[in-house]
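Protein chains in written order, with my numbering: chain A, 1 to 309; chain B, 1 to 269.
Hints should not be assumed to be uniformly reliable.
[Claimed, not checked] Under the rule of at most 20 Å between Cα atoms (straight-line distance), these lysine to aspartate or glutamate pairs were calculated in the DMTMM-like manner: (1) K198(B) <-> E210(A); (2) K255(A) <-> E210(A); (3) K220(B) <-> E158(B); (4) K220(B) <-> E176(B); (5) K79(A) <-> D192(B); (6) K201(B) <-> E120(A); (7) K201(B) <-> E107(A); (8) K168(A) <-> E197(A); (9) K198(B) <-> E214(A); (10) K255(A) <-> E214(A).
I should point out that these hints are in silico values taken from the structure, not numbers from a laboratory.
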Amino acid sequence: MPITFEHVSYNYNPADAKKRGASIPQALDDVSLTIPDGQFLAIIGHTGSGKSTLVQHMNGLLQPTSGRVLVDGLDLAEKANRRAVRRYVGLTFQYPEYQLFANTVAEDVAFGPRNLGVDEDEVQRRVRSALDHLGLSYGEVGQQSPFELSGGQQRRVAIAGALAMHPKVLVLDEPMAGLDPQGRIEIMQHVHELHDELGLTIVMVTHSMEDVAENAQSVLVLNRGRVFMHGTPAEVFSHAAELHDINLGVPRATKFADELRGRGFPLPPDIITLEQLADAIASRIGPRTKEQYLALMQAGEADGGERRG
Amino acid sequence: MDSNRMLVFGSYYATDSVLHRMDPRIKLTIAVVYMITAIIAVTLQGIIPLAVFTVVAVSLSNIPWRELFNSIKPLLFIMALAAIFNIVATNEGTLYWQWGYFAISSGGFYNALVFTLRIGLMLFAASLLTLTTSPIDLADGLAAIMRPLTRLGVPVQELSMMVSIAFRFLPTFLDEYYKVKGAQESRGACFDQGGLIKRLKLLMPLLAPLFASAFRHAEKLAQAMDSRCYRGGADRTRLHPMSVGRADVLALLFTAAMVAGLIVIRVFW
Ligand SMILES: Nc1ncnc2c1ncn2[C@@H]1O[C@H](COP(=O)(O)OP(=O)(O)OP(=O)(O)O)[C@@H](O)[C@H]1O
Ligand SMILES: [Mg+2]
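Given these sequences and hints, build the entire structure.
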């Protein structure tokens, strides 16, 4: 199920654009990209840069004003194709918990597979396994009202609702927005597992550069509806200055590594995760006793690069 | 907003013009006077002052004629029906054809023409009012005009607050409606096919989240108003007080001229 965008532009109000000329940027402006099978793609960009607009093209909820979107070679301009594709491309909106509606969690998760006409036994199996994949127990929450759950749990129920369709691609628009740190970590972990264990293609919109660095294989940076950068996290985060210009940061590990380099502490390039940073520093300094450190500091040789271990 | 969503709010056309800046109370008053004038003007000559007034108002409004025509398009059908009714139900002047009560006569065509023009002009005027006045201004203007009813125990302030809030949240709900619809469509729901039962079943996934969100908004709004010490009824002042300016006075004079013109025409022509 590769997803391909060919010169996609989108305007929320085409008449308006004509009236006011090109002064207002389009929500999407000539976006081309391919998402291969099994990839973990992160989409980042300042607020209003078009991330949500972009992902809604992936299952045909929005259709390009110009250009084409192909999923598995099927052009989503055709209604029949859109319908066929929704089965394989699961999508959750920003704050997906606001779309829960059923009396019980199990009923809500079952909505998708029932729409697909799956038989009831299979529906129940899917509900259980989808909840399970998001760390929710069917026995505990299955018969509860979704409105009684905590925000983080509701969020996971909503994602389970998409997962129960058994998609090949899961598109998540800011799945961690507005959650507490523990809730964020849990959801991120489950998403990561869906990618690793089920082999799903994941497209995730996020504002957390740490999540990008630690999970994504590829990053798409949007700015004012245009593709600003597209590459591996290491490539993208090596352009800190450009990112800064469009109000985006780099992971804390990258920033810290830069600070150290600025103080003359040599480190290899492309440090984006905490783990890489710790490894790099440890291998620079090597194991030393406290006395050795103190001696080094006194000698004013904070640069440990010259005398390793 | 999507182009197909715009239709719902096609009523207000955001731009800047003398008409947009006028006091909503004055605009409402003029609209009422205009309607009465249009009812009184039953001859072709009588329509002249109305037409002049309308053309001047529209040209001052910065609103393209096409937009104005679009806004009354849904009502053209009714106008056509009324015209046909006028044609067949009148029997005056030269008679061309008759069948029972139905007659086609020169008088019928005349009546149809005058009637259609009057209705058309009235629709233009009503449309111009909503196109140049935001719903909130309209509600406030209406409340200001109805203010005297407070003495009769009508809670005008509260009603106007409610209407303003409703207007304020319409776009929000519309936005949420599209989001919920998209989310359920992503889960394989098809809202545009299937029989009645199937469609009714799909109302729940659409409406339940919308109601939930309405309650959420209501609660938050109530808290926000409470924490700002909102008190209904207590003689509230406005952030942007409505004031009658030069343009308003000129507009009133122009309206008076239109009415005077009609009277002169009806008496002497
Ligand atoms: N329903 C809509 N109607 C009109 N314009 C819209 C609509 N939704 C979004 N836009 C506009 O399109 C542009 C892109 O919006 P989009 O929601 O895709 O941004 P985003 O990158 O997802 O932002 P955020 O990080 O805040 O979620 C913005 O300028 C926004 O104002
Ligand atoms: Mg968004």
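Results of checking the hints against the structure:
With a C-alpha separation of about 45 Å, the suggested pairing of K198(B) with E210(A) is violated against the 20 Å cut-off. This hinted pair checks out: K255(A) and E210(A) have alpha carbons roughly 11 Å apart, not beyond 20 Å. For the given pair, K220(B) sits about 18 Å from E158(B) by alpha-carbon distance, which is consistent with the 20 Å threshold. For the given pair, K220(B) sits about 16 Å from E176(B) by alpha-carbon distance, which is consistent with the 20 Å threshold.
Using a Cα cut-off of 20 Å, the hinted pair K79(A) and D192(B) holds, with the two alpha carbons roughly 12 Å apart. Distance hint between K201(B) and E120(A) is fulfilled; the C-alpha atoms sit about 17 Å from each other, no more than 20 Å. The hinted pair formed by K201(B) and E107(A) meets the criterion: a straight-line CA distance of about 13 Å does not exceed 20 Å. For the hint pairing K168(A) with E197(A), the CA-to-CA distance comes to about 12 Å; that is within 20 Å, so the pair holds.
Restraint check: the Cα-Cα separation between K198(B) and E214(A) comes to about 44 Å, which exceeds 20 Å; the hinted pair is violated. For a cut-off of 20 Å, the pair hint linking K255(A) to E214(A) stands: about 15 Å separates their Cα positions.
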